[in-house]
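Protein chains in written order, with full-length UniProt numbering: chain A, 1 to 258; chain B, 1 to 275.
Don't read these hints as lab results, they were simulated from the structure.
Accuracy of the hints is not assured; some may be wrong.
Straight-line distance between alpha carbons at most 20 Å, and here's what the computed DMTMM-like set of lysine to aspartate or glutamate pairs gives [unchecked claim]:
#, chain 1, residue 1, chain 2, residue 2
1, B, Lys-5, A, Glu-25
2, A, Lys-118, A, Asp-85
3, A, Lys-118, B, Glu-59
4, B, Lys-62, A, Glu-107
5, A, Lys-35, A, Glu-73
Computed from a predicted model, the values in this text were never measured in an experiment.
Take a look at the letters that make up each chain.
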Amino acid sequence: MKKETPNTESVVAIRNLKKGFGPKEVLKDVSLDLKKQENLVVLGKSGTGKSVLIKCIVRLLRADAGEISVFGEEINGLDKPALDDIRKRIGFLFQSAALYDSMTVRENLEFPLRRIRKGLSEQEIDQKVHDALENVGLVEAIDKMPSELSGGMRKRIGLARTIIVDPEIILYDEPTTGLDPVTSNEISILINEIQQKYKASSIIITHDMECVRTVADRIIMLKEGAVYKEGSFKEFQGGDDDYINSFFKPQNTELNKN
Amino acid sequence: MQQYKRVKNYARGRSIALTDTSVEHTVSFKKFLVNLADVFLFVTQVFRNTFARGFEFREFLKQCFQIGNKSLGLISITGIIIGLVLTIQSRPVLVDFGAVNMLPSMVTISLIREMGPVITALICAGKIGSSMGAELGSMRVTEQIDAMEVSSTNPIKFLVVPRVLACTLMIPLLTLYADALGIFGGWLAANIKGDISAVLFLTQAFRDVEFIDLIPAVIKSFFFGMVIALVGCYKGYHASAGTESVGVAANTAVVMASLLVIFVDLIAVQITDLL
Chain A
1 MKKETPNTES
11 VVAIRNLKKG
21 FGPKEVLKDV
31 SLDLKKQENL
41 VVLGKSGTGK
51 SVLIKCIVRL
61 LRADAGEISV
71 FGEEINGLDK
81 PALDDIRKRI
91 GFLFQSAALY
101 DSMTVRENLE
111 FPLRRIRKGL
121 SEQEIDQKVH
131 DALENVGLVE
141 AIDKMPSELS
151 GGMRKRIGLA
161 RTIIVDPEII
171 LYDEPTTGLD
181 PVTSNEISIL
191 INEIQQKYKA
201 SSIIITHDME
211 CVRTVADRII
221 MLKEGAVYKE
231 GSFKEFQGGD
241 DDYINSFFKP
251 QNTELNKN
Chain B
1 MQQYKRVKNY
11 ARGRSIALTD
21 TSVEHTVSFK
31 KFLVNLADVF
41 LFVTQVFRNT
51 FARGFEFREF
61 LKQCFQIGNK
71 SLGLISITGI
81 IIGLVLTIQS
91 RPVLVDFGAV
101 NMLPSMVTIS
111 LIREMGPVIT
121 ALICAGKIGS
131 SMGAELGSMR
141 VTEQIDAMEV
151 SSTNPIKFLV
161 VPRVLACTLM
171 IPLLTLYADA
181 LGIFGGWLAA
191 NIKGDISAVL
201 FLTQAFRDVE
211 FIDLIPAVIK
221 SFFFGMVIAL
231 VGCYKGYHAS
241 AGTESVGVAA
251 NTAVVMASLL
261 VIFVDLIAVQ
271 ITDLL
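Please model the complete structure; the sequences and the hints are all you need to start from.
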């Protein structure tokens with residue numbers, strides 16, 4: 001599928017973000033912009049604060065210092081109703097999919113819909129649930145409980161729950177982690193389709209280089225709590241930086257059996 | 001460790017001589033105060049959201065069913081056995097004093113005033129407190145509570161308020177149910193050694209029972225229910241990351257809820273005594 005060129009308008013602008021937990025400073029100085037209709041991949045080793053970064057964007061975590069502007073609004077200065085208004089325009093796919101265990105797939109999808117898109121008729125809600133499930137190819141799972149789903153199915157349902165409210169920004173926290181290569185690839189393709197279909201801007205946190213190759217318009221690499229390098233997939237490949245190459249080149253070649 | 005250093009530096013900066021033990025005590029006292037403030041904030045949030053607009057009625061009904069209906073079996077067995085045991089143990093003493101006709105009213109008053117509310121609350125602290133601690137704890141660990149917040153839903157309003165209200169309402173009803181079955185158990189036990197009709201047993205049972213016996217018991221049951229749910233929800237809601245914390249949340253919820261039930265009972269008895 002041919003990708004559209006991202007717009008230059010920033011929907012998320014982060015400046016000098018700092019966030020720590022007790023004595024440990026996780027994010028030391030992060031600045032980045034998410035352009036409209038762009039897929040921005042944030043790369044980095046575990047513990048470099050990638051998940052913390054996107055949780056700060058929706059204020060699930062409060063930044064210690066710095067500015068986070070979403071749709072032009074400084075997120076840390078908002079009161080609860082204004083924050084909720086911003087959150088209604090953002091979708092968040094959690095690493096564990098975070099499906100509500102006590103609800104069926106249908107109820108999971110209806111949950112954000114009834115709260116964010118108030119005033120929809122029952123028929124419209126049914127249609128939207130059906131459409132969202134069709135988009136992720138899991139219409140048959142509509143009446144299942146999350147405990148009956150496989151890891152890949154949970155991720156897809158999580159994705160359906162994220163897109164059902166037509167968010168303008170989608171934050172993906174390791175969408176392909178723990179999945180087999182085939183399912184990972186399907187999820188990556190789905191992320192691209194969602195970008196095209198919903199015109200959404202996305203921040204994708206992942207370690208999966210195949211996913212990066214498929215979805216990234218731009219990549220930002222974090223190291224020790226700060227932005228280490230920014231560029232396209234091509235710009236990251238083939239350099240002589242050992243740290244970057246450790247992500248982009250096959251590892252442990254001397255240990256490979258074949 | 002960092003707090004330990006901060007307290008030590010603070011003391012040194014003001015030339016206060018503190019031993020290592022004193023520093024440790026200061027740190028743990030500070031933690032205690034922080035926890036207390038946390039509990040206070042949580043309870044304030046729960047009460048504020050209880051009276052805020054947009055009450056989650058469906059969730060409230062669901063919790064009433066979970067707490068009330070699903071505890072009926074356990075409370076039935078407990079109620080009957082308490083009635084049986086009370087009667088069987090009291091009978092020989094009353095026979096010795098020639099006061100066996102006081103048996104039904106004695107058993108009934110003990111059940112209504114104390115045994116029914118406290119035993120029901122303790123059983124529910126175990127069953128409901130642990131389930132709330134574990135359920136909300138696992139929701140916290142698996143980011144379900146975060147997902148709710150991102151969906152512009154206040155988790156306190158959706159998860160905590162219906163549970164607290166349902167438990168506050170259901171525990172008194174379960175207590176009354178346990179009282180009734182306890183009296184039935186008393187009648188069964190009275191028939192093991194003697195022979196007494198149900199009508200005579202009930203007439204004798206309620207001869208000395210007044211509303212003043214029932215009302216304080218029901219009021220304290222409300223507080224038992226509120227305390228059990230608040231503790232269970234607080235422990236689950238504040239579970240830290242990792243599956244181990246779910247077990248810890250469930251366990252501490254039961255221990256704290258049981259202790260607080262006994263503590264509230266002590267206060268209730270003192271207040272009733274003044275009336």
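List in ascending order the numbers of the hints, as given earlier, that are violated by the structure.
As far as the earlier hints go, not one is violated by this structure.
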